[in-house]
Amino acid sequence: TIENRERLQAIIAFLERFISFIAEHAALAEKQAQACPADAERLHVIANNCLQLSQGAPETFLQGLQLFYFAWRVRSLNYTSCIGRLDVQLQPLYDKDRADGMTREAALAYLCELIVKLNKMGQGDTLMNVMLGGVDEAGRDSSSELSVQIMEAAEKCAMHEPHINVRIHEHTPAYFWEAVCKLIAQGQGQGTLYLDEAIIPQLVKSGYDLEIARCYANDGCTEVTLEGSAYIQFWQVEAMKTLELALFNGK
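Residues in the sequence shown are numbered from 1 upward in steps of one, following my numbering.
Heads up, some of the hints might be wrong.
Capping the alpha-carbon separation at 35 Å, the derived lysine-lysine pairs in DSBU-like fashion look like this [to be verified]:
{"id": "1", "residue 1": "K241", "residue 2": "K182"}
{"id": "2", "residue 1": "K120", "residue 2": "K182"}
{"id": "3", "residue 1": "K156", "residue 2": "K182"}
{"id": "4", "residue 1": "K31", "residue 2": "K117"}
{"id": "5", "residue 1": "K182", "residue 2": "K96"}
{"id": "6", "residue 1": "K156", "residue 2": "K120"}
{"id": "7", "residue 1": "K31", "residue 2": "K120"}
{"id": "8", "residue 1": "K31", "residue 2": "K156"}
{"id": "9", "residue 1": "K31", "residue 2": "K96"}
{"id": "10", "residue 1": "K117", "residue 2": "K182"}
{"id": "11", "residue 1": "K96", "residue 2": "K156"}
{"id": "12", "residue 1": "K96", "residue 2": "K120"}
These aren't lab readings, by the way, just hints derived from the structure by calculation. Here the structure is a predicted model, which is why all the values come from computation and not from measurement.
Model the full assembly from the supplied sequences, consistent with the hints where possible.
Encoded structure:
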């Protein structure tokens with residue numbers, strides 16, 4: 001249909017501009033590296049990462065984090081947007097880099113940089129919800145070393161953002177539980193618990209496929225959403241006007 005063709009053309013136009021947006025950052029970082037030799041090494045890394053992302057998929061954990069930030073920033077024009085299952089999405093790149101020699105300390109430093117950057121964008125009612133752990137589409141535990149690293153970064157930075165949420169199920173491993181308890185014990189209101197055995201069956205009962213229901217995350221304050229398959233909308237209600245209309249029979 002014409003409507004569908006126009007929608008696809010709009011998606012293509014957006015993605016082309018998104019790619020050029022990343023390429024512009026590569027060029028800018030390279031230019032700054034030439035102007036500031038003392039910081040050239042760091043800027044060359046940024047330039048090379050952005051160049052790779054403008055030409056293809058991320059190949060390293062750091063490039064994955066960079067792509068996430070670009071996508072989240074474009075999506076979050078007013079810094080209010082859900083982040084979702086960051087550990088699940090980045091785990092393949094994390095595992096590859098760990099096998100290639102990336103240390104836990106280096107990964108933790110990258111995650112802390114991301115957290116600091118997110119907090120510079122805003123704090124408070126930002127909807128920056130990260131969901132960790134839980135089961136995957138096949139019902140297997142998806143918690144990982146990266147899940148724990150994200151919680152450790154949140155502890156170390158001790159900032160308001162992002163909001164850390166965790167999914168718990170009957171086969172959640174002990175190391176994940178331990179990291180969750182440490183995060184909660186820090187006393188900053190971080191580490192909201194979501195129970196897979198309670199939420200997934202209700203999503204299925206509401207009509208969602210089991211594989212999709214198993215991929216839930218959260219948005220807003222505590223609302224459950226389906227990563228890549230759903231979104232939520234906010235509607236404002238004028239409480240006093242509603243009460244007035246109720247008391248005076250709609251007049």
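Original post:
In ascending order, which of the hints set out earlier in this document are inconsistent with the structure?
Top reply: Number 1 only.
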